[in-house]
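Colleague: Given next are the chains, with one letter for each unit.
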Amino acid sequence: MKKIVLETADLAVAFGKKQVLQGISVQFPAGESVLIAGKNGTGKSTFLRVLAGVIRPDRGKVVWADDMDRRRIGFISDSLSCFEDMTVSAGLDLHRRLYELDGVPRPLLDRVHIDGKQKIRSLSLGERAIFHLTLVLAQKPVVLMIDEIIHHMDAYTRELLIEALIETVDSLGTTVLMINHTFHDVERIPERVLLMKDGRFVVDEKTESLQQRVKKVTMETDWSTDLPILFQRDSGYFHEYYVYPFTEEMRQNGSAFQDLTLPEILKAFIGGSYEAKRTPLGR
Amino acid sequence: MDIRIDQKTPIPAYLQLVQSIKLQIMTGRIKDGDHLPPIRDLAKYLRLNPNTVARAYDGLEAEGFLESRVGSGSWAKLPKAKTDSLRLGLLESECRTLLEKAFALGFHPEEIIKTIDKVMHHEENRTGNR
Amino acid sequence: MKQKERRSVAKLTLIWAFFLLLTALISFVDLLISRNLGAFTERLLIGTQVFILVYPVMLGLSLFMDEQKQKGMEYLLSLPVSRQRILWAKLAPRLAALAISLLVYASISLVDPGSFQFMAPLPFILVNLVLFIIALSLSLWFDRLLISFLGFGIGLLVYAGLAAAAFLVAFQYALTQGLVIQYVKTPRSLLENLVSSLELPPWVTVASFTIMLAPFAGAFWAVARRLDIRSCRMAGLYLRRFSLTLAVTLPLAVILMVLNIRPQRFGGNFFYLTADRQVLERKGDRLVIHTPESVRIMKGLGHAQTIPLGDGDGWVYLDRWSADEEDIVRVQPRTLKLEVAYRFRSQETLTQGSFFYLDDQALFLIEEKSGRQSEANSLKASVAVSAGNRVPLVRKIREEKVAFQRLIGFDEWQRRRFWLSRRYSDGGIVQRIWEDGTVEKLTRAGGSAFYHGGKLVTFGDMAASLYEWDETGALQKRAEIPGRFNPRFPRRSRLPLQKGVGQFLIFQEGSNPLCLDLIQPAVTPVSLGPGMDRARDLFSQALVYIDDQSRPVYMTVADQPGELVFSRLEDCTWQLVGRIAIGVTGWKKIHDNFWNNSHGVVVRKRGRLHAFLYPDLRQITLK
Numbered sequence: 001m002k003k004i005v006l007e008t009a010d011l012a013v014a015f016g017k018k019q020v021l022q023g024i025s026v027q028f029p030a031g032e033s034v035l036i037a038g039k040n041g042t043g044k045s046t047f048l049r050v051l052a053g054v055i056r057p058d059r060g061k062v063v064w065a066d067d068m069d070r071r072r073i074g075f076i077s078d079s080l081s082c083f084e085d086m087t088v089s090a091g092l093d094l095h096r097r098l099y100e101l102d103g104v105p106r107p108l109l110d111r112v113h114i115d116g117k118q119k120i121r122s123l124s125l126g127e128r129a130i131f132h133l134t135l136v137l138a139q140k141p142v143v144l145m146i147d148e149i150i151h152h153m154d155a156y157t158r159e160l161l162i163e164a165l166i167e168t169v170d171s172l173g174t175t176v177l178m179i180n181h182t183f184h185d186v187e188r189i190p191e192r193v194l195l196m197k198d199g200r201f202v203v204d205e206k207t208e209s210l211q212q213r214v215k216k217v218t219m220e221t222d223w224s225t226d227l228p229i230l231f232q233r234d235s236g237y238f239h240e241y242y243v244y245p246f247t248e249e250m251r252q253n254g255s256a257f258q259d260l261t262l263p264e265i266l267k268a269f270i271g272g273s274y275e276a277k278r279t280p281l282g283r
Numbered sequence: 001m002d003i004r005i006d007q008k009t010p011i012p013a014y015l016q017l018v019q020s021i022k023l024q025i026m027t028g029r030i031k032d033g034d035h036l037p038p039i040r041d042l043a044k045y046l047r048l049n050p051n052t053v054a055r056a057y058d059g060l061e062a063e064g065f066l067e068s069r070v071g072s073g074s075w076a077k078l079p080k081a082k083t084d085s086l087r088l089g090l091l092e093s094e095c096r097t098l099l100e101k102a103f104a105l106g107f108h109p110e111e112i113i114k115t116i117d118k119v120m121h122h123e124e125n126r127t128g129n130r
Numbered sequence: 001m002k003q004k005e006r007r008s009v010a011k012l013t014l015i016w017a018f019f020l021l022l023t024a025l026i027s028f029v030d031l032l033i034s035r036n037l038g039a040f041t042e043r044l045l046i047g048t049q050v051f052i053l054v055y056p057v058m059l060g061l062s063l064f065m066d067e068q069k070q071k072g073m074e075y076l077l078s079l080p081v082s083r084q085r086i087l088w089a090k091l092a093p094r095l096a097a098l099a100i101s102l103l104v105y106a107s108i109s110l111v112d113p114g115s116f117q118f119m120a121p122l123p124f125i126l127v128n129l130v131l132f133i134i135a136l137s138l139s140l141w142f143d144r145l146l147i148s149f150l151g152f153g154i155g156l157l158v159y160a161g162l163a164a165a166a167f168l169v170a171f172q173y174a175l176t177q178g179l180v181i182q183y184v185k186t187p188r189s190l191l192e193n194l195v196s197s198l199e200l201p202p203w204v205t206v207a208s209f210t211i212m213l214a215p216f217a218g219a220f221w222a223v224a225r226r227l228d229i230r231s232c233r234m235a236g237l238y239l240r241r242f243s244l245t246l247a248v249t250l251p252l253a254v255i256l257m258v259l260n261i262r263p264q265r266f267g268g269n270f271f272y273l274t275a276d277r278q279v280l281e282r283k284g285d286r287l288v289i290h291t292p293e294s295v296r297i298m299k300g301l302g303h304a305q306t307i308p309l310g311d312g313d314g315w316v317y318l319d320r321w322s323a324d325e326e327d328i329v330r331v332q333p334r335t336l337k338l339e340v341a342y343r344f345r346s347q348e349t350l351t352q353g354s355f356f357y358l359d360d361q362a363l364f365l366i367e368e369k370s371g372r373q374s375e376a377n378s379l380k381a382s383v384a385v386s387a388g389n390r391v392p393l394v395r396k397i398r399e400e401k402v403a404f405q406r407l408i409g410f411d412e413w414q415r416r417r418f419w420l421s422r423r424y425s426d427g428g429i430v431q432r433i434w435e436d437g438t439v440e441k442l443t444r445a446g447g448s449a450f451y452h453g454g455k456l457v458t459f460g461d462m463a464a465s466l467y468e469w470d471e472t473g474a475l476q477k478r479a480e481i482p483g484r485f486n487p488r489f490p491r492r493s494r495l496p497l498q499k500g501v502g503q504f505l506i507f508q509e510g511s512n513p514l515c516l517d518l519i520q521p522a523v524t525p526v527s528l529g530p531g532m533d534r535a536r537d538l539f540s541q542a543l544v545y546i547d548d549q550s551r552p553v554y555m556t557v558a559d560q561p562g563e564l565v566f567s568r569l570e571d572c573t574w575q576l577v578g579r580i581a582i583g584v585t586g587w588k589k590i591h592d593n594f595w596n597n598s599h600g601v602v603v604r605k606r607g608r609l610h611a612f613l614y615p616d617l618r619q620i621t622l623k
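Protein sequences, first through last, are from chains S, W and Z.
The working numbering numbers the first residue of the first sequence as 1 and each following residue consecutively.
The working numbering numbers the first residue of the second sequence as 1 and each following residue consecutively.
The working numbering numbers the first residue of the third sequence as 1 and each following residue consecutively.
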């Protein structure tokens, strides 16, 4: 049983009248890579911000491991916020001083040819993402929280990001929480998927098991069945039925159940506006 | 290393990795004593979580196909004692996979055997009767 | 972190200093052009003053400006630094800069106190802090300095407007309730007097104080919310809720006050009954005229001690605007016209015992000024002719250092005015002072002397003597009534009891009322008549109105607790006319709620006015 490095207890946040997070209780063991997915506006970024300390929750707590050092919590927000007027070098230096680091390694920056004298304002979004990644990796983070930045990045920078992530996870055993809903290239990295809807996690499963429990059936005609249909998509010619939770016994039904990639699975959940039932999901 | 992880199958990535490396070792593509890539590099290459790769390496080590030394990395091993049964086991599981797919497509056993024969002949001709 | 903040503060200061220098430069150029040194320094000072106040605003507004502009807020908040430290790192250099600027100002003002005085140090510091905090509350809404200035300016105007409005409403309320009785004319004296004399209801004070707190609460809340500091947020939330509640209820209260929904409270302290059966009431700066049918209000009077003076159709009162100026104003109730009949200049004051006489033409003011024992008293007589024009024509008749003790009367004889006075130092000589200042010794008087209806009565040790003027203007002794009379002014009497009515002179000796018949000279004790037994003991406390115009004299006395007894004097006998229960006991309360004059009596009873008219005390209830 791995050490729990971060957990939340009944975390709730409301902006005005709108309840954005509704009593979330979840645990993150050390070294786990987690994908947080969901439709826009369901509260994913808010959740991450609460974990990072940017927003204080109205209710509930964020509990870190006892020996957690705040300086080793890395957070990249989706607004990629930083002080625009500063130069890159100044920004690195500021970060170094604020987090009491020994130094900020620059290889990533060099690989995208970011010069220290450039103003942060002049960086493109992809470059900015690499900049923030540099900052955050210099902290030797125990926990790394990355909001949706992938879609800002081109293929090359994305590759850099993935490599950097993998390295960090390998060398430091970092716990990574990523918000992602574009699924470019990073879908193999997370071991666990949290799907958020209306301020709650409706799905919390390992990617492996998720792939075993969601299948697709394609029919040319309508299909009436009493199998649990998560989502149904009808194009002109085909009707696609996504079944969840799937068990092996269902194969006896005779239909051809197709396996799905993780992005497809998540799309099905989101498209199907899946609602979590009160009882635990078939565990 | 020629490894491809199939996203679509429900088989977990680490298992696929284990099977793939095992296959390569057993077929000699990876020789006994060859240096296996470090977890990080393989993870980067395959775009996998290093934990996954680590799990695979642990699994390989448990089955005797891998030997790791702290500081030096990992080495491939060909566990002689197990080879034959393992080879057979691998073949059987591949057959099972093939049969599953064939049945799913609606083929009868006779058609399947006929097709296997056909393909085998093709391969033999192509590779020169191995 | 701190370094970064210091840098931004330094940058701001430089900008500000630049503008300051620019102002100085402009003034200097102006100096060169106009070669007017005075104007230069003046403009320089004005510019400096303005920019000194701009500085705290700049400092406050810039608190989160960098983050707003540069989208650095989230980065800031995710740092491993506690919120308090972040806030402190931002506030500390700003507060330090503010303190330095204040020190600079203080030292300059110390060096040259005369020229640089713009505000006293303590209020200046407070103003700076207030501006700073208000600017803080706005710092989270704007990301550009210029726009934020606009926002701040507007916000400040609104705030000042609200505060001024609230103040004016409160003051108006206080006026109508007669709470403010000070002499106010300029806004400054208004403020001073308001502060010192106001007895506002506690809730008004609390409410206005809370409204003034609102921007502070806003600042608290805004900063706390943005930084999400738990404890600040809670405190700010409660403050905000509290002031929000009051901000909602206060307008309602204001509306209530404006509509005067509260029951009418006669805050006025003077009532006068006119021959037309109108009651004139002074209320704050208004004259309220009550009739049985309606109430009319006339504005424009001052706020002052009112002293009823003359009589006639109008009502005259003394209006004091400031410590220096007093006006005598005549009011025509029917036409509701106000005339300033006389305006005292500084150094002129009304003293006890001054005489006034008002007719259609003129107001005669005779002032006594008593000097010390060795000095002579002086007499000053002035005539203010105000034939319908507001601006009085004041002509001093005479200012004489006339040695006299006190004035005892005033009369006209053959259209020549004269005053009678008595001098003790010469053994009690009665003398006559003519309008042109001629002083004429008349006779010797032992004890007191009285004058009524063309007759002079002196009281000596042995007898009372009655004098009359004959056709030639000479004083002739007509009668002598033996006896030892020693009339004294009773204490605490509103009017002196020695006054004549018709042929009678009523005076009091000790506690005994005596009646002197001037036609058939005799002195008889005043018999009190039935139902007036107690009146004898209370005579010293009675309110007696005695009419000079041959009309009956009335006396009222508080007989039973809460009851007034009215009597009329006929032939030296008091005839009971009636009793009124006024519901208040205690002489002071009676005084406060009861007024009479020649026409009748006005009683305030439970907030309503009732008038009782002589001779039969017919009651009219007024609106």
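If you are wondering where the hints come from, they were derived from the structure by calculation, not from laboratory data.
Some hints here could point you the wrong way.
Claimed, not checked - Taking lysine-lysine and the DSBU-like style, the derived pairs with C-alpha atoms no more than 35 Å apart in a straight line are:
1. S:Lys206 with W:Lys101
2. S:Lys216 with S:Lys17
3. W:Lys8 with S:Lys206
4. S:Lys2 with S:Lys216
5. S:Lys39 with W:Lys8
6. S:Lys216 with W:Lys8
7. S:Lys61 with S:Lys117
Colleague: Which earlier hints turn out false for this structure, listed by number in ascending order?
Modeller: 2 and 7
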